[in-house]
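A.B. asks: Using the sequences plus the hints, can you model the full thing?
From first to last, the protein sequence lines are chains A and B. Here the first sequence is numbered in my numbering, starting from 1 and rising by one per residue. Here the second sequence is numbered in my numbering, starting from 1 and rising by one per residue.
It is worth saying that the hints were derived from the structure and are not from the lab. Don't take each hint at face value.
Identical chains share a label here; the pair holds if one copy fits it or two copies do between them.
[To be verified] Cut-off 30 Å, straight-line C-alpha distance, at most; resulting in silico cross-link-like pairs (DSSO-like, lysine-lysine):
#1 Lys139 / Lys316
#2 Lys131 / Lys414
#3 Lys244 / Lys142
#4 Lys316 / Lys131
#5 Lys6 / Lys389
#6 Lys139 / Lys327
#7 Lys300 / Lys327
#8 Lys244 / Lys125
#9 Lys142 / Lys316
#10 Lys142 / Lys204
#11 Lys244 / Lys316
Protein chains: 2
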Amino acid sequence: MTAQEKATGWLSEFDATLQRGDTAGAAKLFIQDCYWRDLLSFTWNLKTAEGQDQIRNMLDSTLANVKPINWKVDGEVTEADGIIEAWFTFETAIARGKGLLRLKEGKAWTLLTTMVELKGHEEAKGETRPKGVEHGPHKGRKTWLENREEEARTLGYTKQPHVVIIGGGQAGIILGARLRKLGVPAIIIEKNARAGDSWRNRYKSLCLHDPVWYDHLPYMPFPEDWPVFAPKDKVGDWLEMYTKVMELNYWNSTTCKKAQYNEARGEWEVTVEREGREVTLKPKELVVALGVSGYPNVPKVEGADSFLGDQFHSSKFPGAENYRGKKAVVLGSNNSAHDICAALWEEGVDTTMIQRSSTHIAPSASLMELALGGLYSEQAVRNGIDCHKADLIFASVPYKIMHTFHIPVYEEMKKRDADLYSRLEKAGFLLDFGADGSGLFMKYLRRGSGYYIDVGASELVANGSVHLKSGVNIAKIKPKSVVLTDGTELEADIIVYATGYGSMNRWLGDLISPDVANKLGKVWGLGSDTPKDPGPWEGELRNMWKPTQVPHLWIQGGNLHQNRHYSQFMALQLKARYEGIPTPVYEPAQVHHLS
Amino acid sequence: MTAQEKATGWLSEFDATLQRGDTAGAAKLFIQDCYWRDLLSFTWNLKTAEGQDQIRNMLDSTLANVKPINWKVDGEVTEADGIIEAWFTFETAIARGKGLLRLKEGKAWTLLTTMVELKGHEEAKGETRPKGVEHGPHKGRKTWLENREEEARTLGYTKQPHVVIIGGGQAGIILGARLRKLGVPAIIIEKNARAGDSWRNRYKSLCLHDPVWYDHLPYMPFPEDWPVFAPKDKVGDWLEMYTKVMELNYWNSTTCKKAQYNEARGEWEVTVEREGREVTLKPKELVVALGVSGYPNVPKVEGADSFLGDQFHSSKFPGAENYRGKKAVVLGSNNSAHDICAALWEEGVDTTMIQRSSTHIAPSASLMELALGGLYSEQAVRNGIDCHKADLIFASVPYKIMHTFHIPVYEEMKKRDADLYSRLEKAGFLLDFGADGSGLFMKYLRRGSGYYIDVGASELVANGSVHLKSGVNIAKIKPKSVVLTDGTELEADIIVYATGYGSMNRWLGDLISPDVANKLGKVWGLGSDTPKDPGPWEGELRNMWKPTQVPHLWIQGGNLHQNRHYSQFMALQLKARYEGIPTPVYEPAQVHHLS
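C.D. replies: This is how it looks when you write it as C-alpha cells:
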C-alpha cells in the first residue's frame with residue numbers, strides 16, 4: 001500500500017467509526033501515545049486530547065452535535081522516518097475544516113483538526129469578492145466613502161459594535177482585519193496617536209527578531225523585497241497602512257478607562273476617552289489585545305529617587321545618542337537588555353549589563369537555519385510551504401511533545417556555536433538552554449522570557465566591550481552610582497531597567513476588577529512545571545485565543561506568527577457568537593494560578 | 001513531434017542561426033506575415049519588426065551587440081487551432097529576457113522578446129532581499145528611519161536625483177516604485193496634497209471601469225477581497241499607502257513651474273515650488289507622468305460667461321447632491337459624460353446628455369467576459385494566468401493585427417447586447433464600434449476616447465430617464481439656458497463639459513518650450529489612419545515608455561495595466577542610463593504629427 005492509500009484508508013475508517021457513533025472504535029484508531037489537537041471544529045475550544053481516553057471523552061461529548069463528514073485527503077501524502085503525513089479536509093454540520101494527520105504503523109499518532117470557515121458565513125474573496133459598485137441606476141446611491149464616513153460617525157455612538165478590542169498593536173489590528181472580513185462590527189481602542197506607534201515608540205535600534213517569513217499579516221503578505229528583519233518604524237508604517245487598507249474602525253488617541261459586564265443587559269460597558277470626551281461602548285464581547293503582559297516591571301530599588309542621571313524602563317528607552325561618553329547600567333539580560341546594551345555601545349557609551357540569572361542565547365543565524373528554516377524561510381516558500389501551511393504544520397505538533405522536537409535543534413546549536421558559548425561563559429555569562437534543553441521557543445511558550453536572539457550583542461559581552469556583572473542584582477542606587485548585591489559600585493549616568501513586564505492580571509484588575517482578573521486567572525504558559533510556568537499541565541496556552549472563565553472576555557496576543565494563526569480562530573469564535581450560532585465549549589480550561 | 005519538441009527545435013535552430021550571425025537565415029525561420037515585438041532586449045526600444053525584411057534589418061543592426069544566448073523553452077508548450085505557443089527565456093550580453101513564441105506550420109508567426117533584468121543589477125527580493133539590520137556591533141550605525149529621514153532631507157537639495165517624475169498619480173507612483181527597487185534615485189512631483197488625490201478629487205460616484213485583475217500594481221497585489229470595480233477613494237487610499245510602503249520620495253503639494261535641458265551640463269533644470277519655496281532639481285532624466293493628455297478641454301462657447309448657474313469641466317465636477325430638483329446639461333457622451341449623467345439622475349437632477357458624435361458602448365459584463373476574461377479574471381487566475389503572465393500574453397499580440405483579435409469579440413457583443421443597442425438607437429443614440437468594428441481597446445489605443453464602458457447609464461439613456469440630444473453641439477449659452485446647434489433651447493442650472501483633454505503638447509510647450517514639444521511630437525496613438533489617429537503606421541504607441549526625439553525626456557502613462565507592464569521597461573531604460581550601460585536605440589520613432 002502506498003502512503004496515499006494508507007492515509008486515505010485511515011481517514012475512511014475513521015469516518016466510518018464516527019458515522020456510526022463508535023467513539024471507542026475511533027479512539028482505537030490512534031496509537032497509545034497519541035494526540036488530537038482540535039482548533040474549534042469539534043470543541044469550540046483550543047484543545048489537545050492526549051491519549052485514547054481523552055480522545056474518546058472528547059468524541060463522546062461532541063460527536064452528536066458536530067456531525068463530521070467528508071474526510072478527504074487533500075494533496076500529496078508524504079512518508080519519512082516511518083511517519084506518514086497527510087493533509088485533509090472535512091466538514092461538520094456547520095463548518096468546513098482542514099487538518100493534518102500523522103500515522104505511525106498504520107494508526108494515528110497526531111491529528112490536527114481546524115475550523116476554516118462557517119458555512120454560509122465565508123469570507124468574500126476571489127469569485128465572491130464584492131463588486132465595489134452596483135452597476136445600473138440606483139437613486140440615492142451611497143458611495144464607498146460615504147458609507148465609510150457614516151460608519152465612522154455612527155459606530156460606537158448610535159450603533160454599538162459587537163466587539164471592542166482594547167489595544168491597537170499588531171494583535172488588535174490583525175484580529176480587527178479578520179473580523180472586518182467576516183462582517184463582525186468591531187472597534188479597536190488604541191492610546192497612541194497612530195497605528196504602528198507601539199513599534200515606533202520602542203528604542204530606535206529595534207528590528208524584528210523573527211524573520212519576514214514568520215511575520216506576514218493575514219490577507220496581505222509583505223512584498224518580496226521586505227527585509228528579513230524589518231526595522232521597527234517600517235513595521236509601524238506597514239501596520240498603519242494595513243489598518244487603513246483593511247478599513248478598520250480604529251480609535252487612535254483613545255484611552256480605555258473602565259470596563260464592566262452588565263449581566264442584566266448582557267453586554268459590556270467600556271468607558272473610553274476619545275477626543276477629550278468620554279464615550280461608553282456597549283459591545284457583547286471584549287477582547288484584550290495588549291500583548292500577553294501587563295505593566296512594565298520596574299523594580300523598587302532603595303535610593304532610586306536620589307539618582308541624578310536618567311532612568312527608564314526598557315519600553316521607554318529613548319535611544320543612546322544623548323549619552324555619548326557617559327556610563328550606563330542595564331539591568332537584565334534578555335532581548336531588550338542585549339539590544340539596548342549594543343545600541344549604547346555603538347554610540348560610545350560605557351555600558352555594564354547586570355545579569356541576575358541565567359539566560360538562553362540563540363544566535364539568529366542558527367535559529368533561522370536550525371529551528372525555523374523548514375517552515376519559515378525562502379527555502380520553505382520554494383518548497384510550497386507558505387506561512388499559512390507552515391502555521392498549520394506548526395500547530396499540528398502537540399504542546400506535550402513539542403520540546404522533544406526542539407531539544408535536538410539546540411543540541412546542534414550548542415555544537416555550531418560552541419565558540420561563542422564558551423567565550424560567553426569565560427566572560428562570566430550565565431547560560432542556559434531551558435529547563436530541559438528545549439531552547440528558545442519552549443521558553444517563550446512556557447514563560448515568555450529568559451532568552452536573547454543574538455543579533456550581535458553577545459559578541460560585545462563575550463569580548464568585554466559591554467561589561468558584565470552576573471549573578472548579582474542592584475542593591476542600592478546612589479545619586480551617581482549603582483551598588484550591586486556583591487558590593488560592587490558602578491558609576492552611572494543612566495540606568496535602564498530591561499526587566500520585562502508584569503502579569504496581565506493587575507492590568508485587568510485595574511480595568512475591570514480584581515475579582516474578574518482572578519476569575520480569569522493566569523495568562524500564557526503551558527503548566528510545564530518549569531521555572532515561571534507552574535503545573536498542572538494545561539495542554540494549551542492559558543487563556544489565549546479561546547473561551548476563558550470570564551464569559552465574553554477574550555485575550556488576543558503573541559508574536560506575529562501566533563497572531564496571524566490564532567486570530568483565525570478568535571475571529572470564528574466571535575463571528576459564531578455574533579451570528580447566534582451555538583458554540584458549546586468542550587471542557588473550558590480551569591484556573592490554577594492567578595498570575 | 002510534440003508541440004514541446006517543435007518549439008524546442010525552433011528555438012535551437014533560431015539560436016544557431018543567431019550564433020553564426022546568419023540574420024537572413026534567422027528571418028527565414030519566420031512565416032511571410034510575421035511579427036517580432038521586442039521590448040528593450042534587442043533594440044533598447046519598444047519595437048515591432050513586421051515581416052522578414054524588418055526582422056533581418058533589426059538583427060543586422062543589433063545582433064553583434066546583443067549577443068543573445070541560452071534560448072530555452074520555459075514551462076509547458078500548448079497547441080490550439082494549429083498555433084503552437086511557447087514561453088521561453090534567453091540571455092543577452094547584459095540582460096536576462098523572457099519571451100513568447102507562436103509557431104504556425106513550423107515557422108514563427110509572432111515572437112515577443114522582453115528584457116526582465118540587467119545582469120548585476122537585479123532587484124533584491126526573495127533570497128537576495130535586504131537583511132533589514134546588519135547583525136553584529138557597528139559603531140555609529142544608522143537606523144532605517146534615520147536613513148529615510150536623511151534621504152528626505154537631502155535628495156533634491158544637496159544631492160540630485162537621477163530622475164524627476166512630474167505627476168504623482170498612478171503612473172508616477174508605479175514608475176517610482178520600480179525605480180526604487182532598482183536603486184535609481186528619483187523624486188516624484190505632485191501638485192495635490194496627498195498621494196491618491198488625483199482619484200479622490202474626481203466626481204464622487206467614480207469607480208474603476210476596469211476590473212481588479214487588470215488593475216494590480218507591481219510588487220503588491222490587491223488582497224483577495226478587493227472589489228471588482230474599486231471606488232475611487234479606496235483606490236486613492238491604496239495609492240497613498242503604496243507610496244509610503246514603497247518608500248518613494250514623493251513631493252506632494254509641489255508645483256512644477258518650468259523645465260529646461262542644460263546641454264552643457266547634461267542635465268535638466270526643473271523648477272518646482274515646494275512649501276512656498278522655489279527649488280531647482282537637476283536630474284539627468286525627466287519623466288512626464290500626467291496621463292497621456294494635457295489640459296482639460298473646455299470648449300469656448302458664445303455666452304458662457306453670462307451663464308448664471310454652475311459650469312465645470314468633468315474633471316472638476318463636484319458631485320450631484322447640490323443640484324437636486326435642478327436641470328443639468330452634460331456635453332459629451334464618453335465615460336465621464338455617462339457616469340456624470342447617471343450620478344445626476346440618481347440625485348434627482350433633470351439631466352440632458354448632448355451627444356456630438358457617435359460613441360462606442362461596451363457593456364461592462366460583456367467586456368469582462370468576452371474581452372478580458374481569458375487574461376484578467378478569477379478564471380484566468382485559476383488557470384495560472386496572473387496579471388504578469390497576462391501582461392506578456394497581451395504584449396505578444398502585435399499592434400498591426402491586434403484589431404483582428406478584437407473584431408470577433410465585438411461581433412459577439414453586438415449579438416449578446418442587441419436589445420440594449422437597439423433601444424439606444426431608438427432613443428436616438430449614435431452608436432459605433434470603431435472604424436473597423438474592433439471596439440473599445442483599439443479605440444483606446446488609437447485615440448484614447450470615443451467610448452463608454454456601460455455600468456448602467458446606457459439604460460438611463462435608452463429608457464429616457466436621461467434625456468438625449470444627439471448629432472448636435474452647444475451653439476450658445478444664455479444666463480439660464482443652453483441653445484443647441486439645431487435651435488433647441490434647454491433650461492439649465494448646471495453645465496458639465498465632459499469634453500476630454502487636450503494633447504500633451506500644449507502642456508509640454510508651457511512647461512518646457514513649444515520647440516521641445518514640437519520636437520517630441522504627438523503622444524499616443526498608433527498611426528492607424530482611423531479618426532483622430534492619422535497615419536503613417538507607427539507600429540508602437542507614439543512616444544510612450546520609450547526614447548523620444550527629445551533626449552532624456554520620457555512619457556509614462558496609460559491605464560493601470562499599461563503602467564504596471566510598461567513601467568518595467570521604463571525603469572530598465574532609466575536604470576541602464578543611471579549605471580552608464582550603453583543603450584543603443586534601434587530606429588527611434590520619427591515624428592509625423594505634432595498633436
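A.B. asks: So, for every hint listed, does it hold in this structure?
C.D. replies: Against the structure, the hints:
In this assembly of identical chains, the alpha carbons of Lys139 and Lys316 lie at most 30 Å apart only when taken from different copies (22 Å versus 54 Å within one copy). Proximity of Lys131 and Lys414 under a CA criterion of 30 Å is satisfied inter-copy only: 25 Å between copies versus 56 Å inside one chain copy. For the homomeric pair Lys244 and Lys142, the shortest alpha-carbon distances inside one copy (20 Å) and between copies (29 Å) are both at most 30 Å. Only between protomers do Lys316 and Lys131 lie at most 30 Å apart by alpha-carbon distance; the minimum there is 26 Å, versus 46 Å within a single protomer.
Taking the shortest Cα distances, Lys6 and Lys389 sit within 30 Å of each other inside one copy (22 Å), while across copies they are farther apart (39 Å). Within a single copy, Lys139 and Lys327 get their C-alpha atoms only as close as 71 Å, which misses the 30 Å cut-off; across copies the closest is 16 Å, which meets it. Taking the shortest alpha-carbon separations for Lys300 and Lys327, only the intra-copy value of 21 Å comes in at or below 30 Å, while the best inter-copy value is 76 Å. Taking the shortest Cα distances, Lys244 and Lys125 sit within 30 Å of each other both inside one copy (18 Å) and across copies (26 Å).
Proximity of Lys142 to Lys316 under the C-alpha cut-off of 30 Å is restricted to the inter-copy arrangement: shortest distance 20 Å between copies versus 45 Å within a copy. Proximity of Lys142 to Lys204 under the C-alpha cut-off of 30 Å is restricted to the inter-copy arrangement: shortest distance 10 Å between copies versus 44 Å within a copy. For the identical chains of this complex, Lys244 and Lys316 are neighbours both inside a copy (27 Å) and across copies (27 Å), given an alpha-carbon limit of 30 Å.
Checked against the numbered hints given earlier, this structure breaks none of them.
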